[in-house]
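Got chain A sorted already, so can you dock chains B and C onto it with the hints?
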Amino acid sequence: MTGAPPIVEMTGISISFPGVKALDAVDFRLFPGEVHTLMGENGAGKSTLIKALTGVYKIDEGQILVAGEERRFGGTADAQAAGIATVYQEVNLCSNLSIGENVMLGHEVRGPFGINWKATHRAAADVLATLGLEQLDLRRPLATLSLAIQQLVAISRAMVTKPKVLILDEPTSSLDANEVANLFTVIRRLRDQGVAILFVTHFLDQVYAISDRITVLRNGGFVGEYPTRELDRTTLISKMIGKDFATLRSLGSERQSHHYEPRGEPLLKAEDLGRKGSSEPTDLELHQGEVLGLAGLLGSGRTELARLLYGADKPDSGTVWLRGKKTDIHNPTAALAHRIAFSSENRRDEGIIRDLTVRENLVLAVQAKRGWFRPLSRKEQDALVRKYLTELNVRPADPERPIKFLSGGNQQKVLLGRWLATEPDLLILDEPTRGIDVGAKAEIQAAVAALAAKGVAVVFISSELEEVVRLSDRIIVMKDHRKLAELENGPHVTAETIVAVIADEGDDEEGDSE
Amino acid sequence: MRSIPRVARAFAVAGALTLALAACGGGDDDTSTSGGDELVTVGFVAVGPEGGWRQANEANVQDTFTEEAGFELKYAPATNLDQRSQIDAFTSFVDEGVDVILLSATEGAGWEDSLRRAQEAEIPVILVDRGIEPDDTSLYVTRIAPDNYEVSTAVAEWAVSEFPDGGNYFVLEGPAGVSVVNERNRGWDDAVASVPGLVKVGAQTANWSTEEAKSVFETVLKSNNNDIQLVFAQNDEMGLGAAIAVEEAGLTPGVDVKIATIDGTKPALEALAEGRLSFVAEYNPLFGETLLEVVEQVLNGEEVEPYIVVPSETFDSPEAATAALPSRKY
Amino acid sequence: MTDVASRLAARRGAIVRNQAFWGVIAIVLLLAVNVVADPGYLSIGYNSGHLSGNLIDILRASAPILMIAVGMCLVVATGGIDLSVGSIMVVAGAVSMELLSGMDGTTGDAALTLAIALGIATVLGAVNGVLVSVVGLQPFISTLVMMLAGRGIAKVITGGQNTTADNDSFAWLANGYVLGVPVVFLLAIVIVVLVALLVRRSALGLMLEAIGMDSRASRLAGVKRRSLQLTVYSVSGLLAGIAGVFATASVMTVDVSRTGYQLELDAILAVVIGGTSLAGGKFSIGGAVIGGLLIATLDKTVVFLGVPAAATPAFKAIVIVVLCLLQSERVRSLFRHRRALRAQSQKEAVAA
Chain A
96 MTGAPPIVEM
106 TGISISFPGV
116 KALDAVDFRL
126 FPGEVHTLMG
136 ENGAGKSTLI
146 KALTGVYKID
156 EGQILVAGEE
166 RRFGGTADAQ
176 AAGIATVYQE
186 VNLCSNLSIG
196 ENVMLGHEVR
206 GPFGINWKAT
216 HRAAADVLAT
226 LGLEQLDLRR
236 PLATLSLAIQ
246 QLVAISRAMV
256 TKPKVLILDE
266 PTSSLDANEV
276 ANLFTVIRRL
286 RDQGVAILFV
296 THFLDQVYAI
306 SDRITVLRNG
316 GFVGEYPTRE
326 LDRTTLISKM
336 IGKDFATLRS
346 LGSERQSHHY
356 EPRGEPLLKA
366 EDLGRKGSSE
376 PTDLELHQGE
386 VLGLAGLLGS
396 GRTELARLLY
406 GADKPDSGTV
416 WLRGKKTDIH
426 NPTAALAHRI
436 AFSSENRRDE
446 GIIRDLTVRE
456 NLVLAVQAKR
466 GWFRPLSRKE
476 QDALVRKYLT
486 ELNVRPADPE
496 RPIKFLSGGN
506 QQKVLLGRWL
516 ATEPDLLILD
526 EPTRGIDVGA
536 KAEIQAAVAA
546 LAAKGVAVVF
556 ISSELEEVVR
566 LSDRIIVMKD
576 HRKLAELENG
586 PHVTAETIVA
596 VIADEGDDEE
606 GDSE
Chain B
-1 MRSIPRVARA
9 FAVAGALTLA
19 LAACGGGDDD
29 TSTSGGDELV
39 TVGFVAVGPE
49 GGWRQANEAN
59 VQDTFTEEAG
69 FELKYAPATN
79 LDQRSQIDAF
89 TSFVDEGVDV
99 ILLSATEGAG
109 WEDSLRRAQE
119 AEIPVILVDR
129 GIEPDDTSLY
139 VTRIAPDNYE
149 VSTAVAEWAV
159 SEFPDGGNYF
169 VLEGPAGVSV
179 VNERNRGWDD
189 AVASVPGLVK
199 VGAQTANWST
209 EEAKSVFETV
219 LKSNNNDIQL
229 VFAQNDEMGL
239 GAAIAVEEAG
249 LTPGVDVKIA
259 TIDGTKPALE
269 ALAEGRLSFV
279 AEYNPLFGET
289 LLEVVEQVLN
299 GEEVEPYIVV
309 PSETFDSPEA
319 ATAALPSRKY
Chain C
31 MTDVASRLAA
41 RRGAIVRNQA
51 FWGVIAIVLL
61 LAVNVVADPG
71 YLSIGYNSGH
81 LSGNLIDILR
91 ASAPILMIAV
101 GMCLVVATGG
111 IDLSVGSIMV
121 VAGAVSMELL
131 SGMDGTTGDA
141 ALTLAIALGI
151 ATVLGAVNGV
161 LVSVVGLQPF
171 ISTLVMMLAG
181 RGIAKVITGG
191 QNTTADNDSF
201 AWLANGYVLG
211 VPVVFLLAIV
221 IVVLVALLVR
231 RSALGLMLEA
241 IGMDSRASRL
251 AGVKRRSLQL
261 TVYSVSGLLA
271 GIAGVFATAS
281 VMTVDVSRTG
291 YQLELDAILA
301 VVIGGTSLAG
311 GKFSIGGAVI
321 GGLLIATLDK
331 TVVFLGVPAA
341 ATPAFKAIVI
351 VVLCLLQSER
361 VRSLFRHRRA
371 LRAQSQKEAV
381 AA
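Protein chains in written order, with this note's numbering: chain A, 96 to 609; chain B, -1 to 328; chain C, 31 to 382.
These are calculated hints, taken from the structure and not from any lab test.
Treat the hints loosely; a few may be bogus.
[Claimed, not checked] Straight-line distance between alpha carbons at most 25 Å, and here's what the computed PhoX-like set of lysine-lysine pairs gives:
| no. | chain 1 | residue 1 | chain 2 | residue 2 |
| --- | --- | --- | --- | --- |
| 1 | A | 474 | A | 499 |
| 2 | A | 474 | C | 312 |
| 3 | C | 312 | A | 464 |
[Stated by the list, open to error] Beyond 12 Å from chain B on every Cβ pair, some chain C residues (computed):
| no. | residue |
| --- | --- |
| 4 | 181 |
| 5 | 281 |
| 6 | 288 |
| 7 | 372 |
Built from N, CA and C at the ideal position, the CB exists for glycine as well.
Extracted from the complex, chain A is given alone in its bound form:
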C-alpha cells in the first residue's frame, strides 16, 4: 500500500493435523496502518493461520517474518510481548472480575505495596477512553454485562500493551450496528496511528466498510490477496466458496415468494406473556408452517421472549394456549414434551456440550425427552445421526468425534439436528447463523424453509435483518423488551422497513408522552 515494508510476512505456511492438511502453502502479508481482512468459509483455515502466526500451532513448513526478522512464537503471550495482540472470537475473560480488573489483568500497575489499584483503574480508564467506552463503569463485574460489551472489554484488554499488530478474530459477531460503528471508529483511529490490523469477519458489509485489503482462503489453501476496492462482492463470495453465487442466492430467496396464509386455530397463542425485568407482557400468535421473525437490536428482548416461550426462564405473567389448550410451560422439559424446541444464541455455553461426541450431542434432547430409563438403542441413535448429518451436510460426518473439534457452522448444524430429532411442532432458533460462514448459513436457512414447508412453526431470531426479511412470514419488531410492531412480510418489506419502525417508534413515543 504504502512504501513501507510489511510488519508481518508469512510465506508458504503449511500445517498438518492428523488426517487433515489444515494449511497448505499459504502466504499472508500485513502492512502497518492497514486493515486487512481474512476471508473464507468456516474450516477454510482462518483461525489456524492466526494461531500459526501467534505460535499456538507449530508450523510444519514456511517462514514467518515479523518486522523483517524471522520469528517463531511460543504462544499468544510470547507473540503479545513482540507486539502482536489477539482478541479471539469467543470472549475469554474472567466473568467474576470487574471490567477494570479484566482490562488490566496481568498488567496491573504495581506500587511499593503490591498492586496500586487506583493507578490500575486509571490506566484501564485511559484504555477504555481510546475505544470510546468512557461511559462504562470500571467496577462493574463483567458477568452483569451483555456479550457485546464483554467483547469490547476484551478488545480494550488487548490494547493495554499498545501492540503494533492487532488481530481481531470475529469481534463483531455479537455486536449490533451501533456497537459495530463504535468499534470501527476505534479501528480506524488505531489504523491511522499506524497499527496493523488483521480482521476476521463473516459480515460482507463490514468487510467493505473497514478493510483495505482482503486475503481469501479456501479449504486450507491460499486463493489470493486483493485490494478491497478491486474485488466486488459476488466475486469475493464465489472465491470463498469456490462455486457460482447464483446457486446460493436461489436457496434463500425462494422463501419470500412462498408465503403461508395462516388459517384455523393457532398452534400457540400467548397473552400478556412476560417476566419482570426481562420481558414486558407480550401477545403472540403462531400458526403451523409459519416462520415468525423476531427482529430488533441486541438487547431488545428477542432472546428473553424466546426463553419464556420455551420455559428456559419462568414467565411471571400471562397465559399460553397450545393447540387451543391452556398450557403451563414452566421448564425446558415441559416444553420438549409439548414439542417445542429452542436453540440458544449462546452456542458455546448453552448449546453444545463440548466434550461429548457429535452423536451424543445430537441424541441428547431426544433421549432427555424419553427419560433415561428408556434408552435409544445404538441402532436408533446411529439412524438418527446418519439422517441429520447427511440432511444438514455436517462436515466431517464423523459421529464419534468430540463436537469441540468441529467448526462453528458445523456445530450449529449438529445442534439444529438435535432439535429436529425431537420432531418439534414449534422450533425457536435464536441467532442460528451467527458467526458461521456463508455456505453453512445458506444451508441452515434452507433447512428452516424446508421445515416450515413441512408444517413446523418456526420462531427465527437474527441480528441480520436481511435474513429475517428473507425467511419470515411475519415479523415482530422488538425494542426495549417489548413488542413494537407486527409486520406481514411481503415484497414491500425490507430491512430498511424494520429499521424505520425501530427508529420511528422513538419519535412516536415522544409524541405520545405529551
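Relative to the frame of chain A, chains B and C by itself:
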C-alpha cells in the same frame, strides 16, 4: 426390643440436629450461670466417643462434678478425635475464665502454647488420663490417671510367666503419636526385652478399632504363617478384633493364639470369661472421686503431687472375669 | 507392515493414556513387592470350606471401598462431590448394631435390619440430593453438613458407645463364603455390575456426563438435572449404607468414631485414580473399581510388609503421588523427551 425406641428417639434428635446445622445456628445452652455464684466452673476438654473405656470415664467425671456437689461442668468433647477442636475448646475456656480446666488430650504433642495461655490467665490445668508430650510438669498442676506404664508392665509380666519357653508376639497399637500408646509400649518393652524367648514379629496400628484390628491381624497371621502365639492389644476393642481374625484363620483364640488386652471393659471381660481373650488388665476409668478431691485441693491452694496414680486390677482367668462381671459398670 | 505397527503403537498409546491402566500397574507392582517379601504371597489355599489367602483378604477388604467409590464416581460425574459417605456408613452400621442387639439373631431379624439400615442410608443420601438440587447449596457444603451430622446421628443412636451385636446371618454378609468365595466380594461385584449396567445400558450415564460437563446446555436440552441429582445422591447414600453394613458386619461392632472415618477421602482417591476428573463429566466405573482395589491392596501391603505404624501414611502417600505423576501426560512426555535425548547422545557417541 429396647433398642427400637432408642433408634426412633435418635432420629428425632438427629433431625433437630440437622436442622440446626443447616440453619447454621448451633446455639450453646450450657452457659447457664443462674445456679448461684458459689458454683465452681470446671471446663472439661474431653475426648468424646472413642470406646467403652472413655465412655465410662467421662460419664464418671460428669456424674461427679454435679451442681449438688457445687460445680458447673462444661463438657467439651472433641469432634472426631480432632486435636484442633480440643485446642479451640481449651482456648475458649481460658477466655471465658473458668476456675479449673480438666484436659484429656487426644494427641500428646502440641499443647505448650495453650497451656501457657492458661497459666498466664492463672487457671489451673489438670490432665485427666492422657499425658502431654514432652511431659513438662511445669505447664500443668497434676496428671491424674491410672499408670499406663504399670498396667502394660503387668500385662508383660503375665506374658513372661505364661510363655516360659518363649514365643512370637505381635502388638496392636493405638494411633501413632498418642501418649498412651507410647507409655504402653514402653511398659511392655521394658519388661519383655529382658526375656530372650519372646520374639516381637511386628507392631501395627489399628486405631483402637475392632474392624481395623481384624483386618490388620488377618494379614499379619498370613505373613507369619500363623506362627504367632501372643497378641498384645493396647485396648479391648482391638483385642476383640484380633480374636475374630484368629477364629477366621481356623485357629482357636486362647489355645493357638493368646490375646492380652488393656482397659477391662465389659465386652472384654465377657470374652475373657468365654476364653477368647486370655488376659485383661484393667485401666480403671472410675476415678471421679479422686479427681474431685484433687480439684478441691488445687482450688484451696494446696500442693499436689505432679502425678497421681489411680490403682487398677488385672484379670488372668475366665473365673476372675466371671466374678468381676456382675459389678462392671462399663 | 508399518500400518499394523503404527496401529499397534496407537493402541498402546491409548492404553497408556488411560489412567486406570496405571492403577492396574500399581496393583501389580505392589503385589510383586509382596511376592519378593514372601514368595508364597499369591498362593490361595483352601481351608475349612473356603478359599483363603492374601488375595482373598484384599478382595474382602476392598468391598466397602468399592461401594463408596462407585457412588462417589456417579456424584463426581455430575460435577458434585459427596463428603458424607463415611458418615452414612457409620449411621448404617449404628442402626444395624443397635437394632440387632435388641433382637434374637434370626435371619428374619437380619433381613429387617438390613432393609431399615439401607433405607435410612438412602434417605440421608436423598437429603444430600435435596440440599443440592432443590435448595441449590453447593455439593461440598451440603455433604459436609451431612458428614458432620451423620456421625452425630450415629453417636445419638448408640448413645455414644461402640455397640456390639450377634446375628450369624448378618455376619455372613461380611464373613461368609459362597463356593469358597467371600460373599462380601461377590455382593460388591454384583452391585458394581448392576450399577454399571444401569448407568451404561440406560441413558443415565450420558445424562450425568451432560450435567457434569455443561449444566446449562443440558438443562436446555431437557435433561432433568434435579431429579438426576436426587437419584445420584440417593444412590451414593444407599451404596455407602451397604459399605457401612459390610464394615460393621465383619466384626459385628460399630465404632462410632472410627467406622467409615475419612473413607470419603479413599473414595475420592479411588475415583480420581480411575481417571474420572473431579471437574465432572466423563466418568469410569471400571476405573473407580480399579482405584478401590488399589487402595485395598495398598492398605494390606503396608501391614504385610510390616511398615512401621508411624511411617504408614508416608508410605501410602508416596505410592499415590508416584501413581498420579505417572498418570500425568506432561510428566510422561518429559520422560519420553529425556529418553529420546539419551538415545540421541548414545547414537552420537557411537558415531564419534
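Earlier hints that do not hold, by number
The structure breaks hints 4, 5, 6; every other hint is satisfied.
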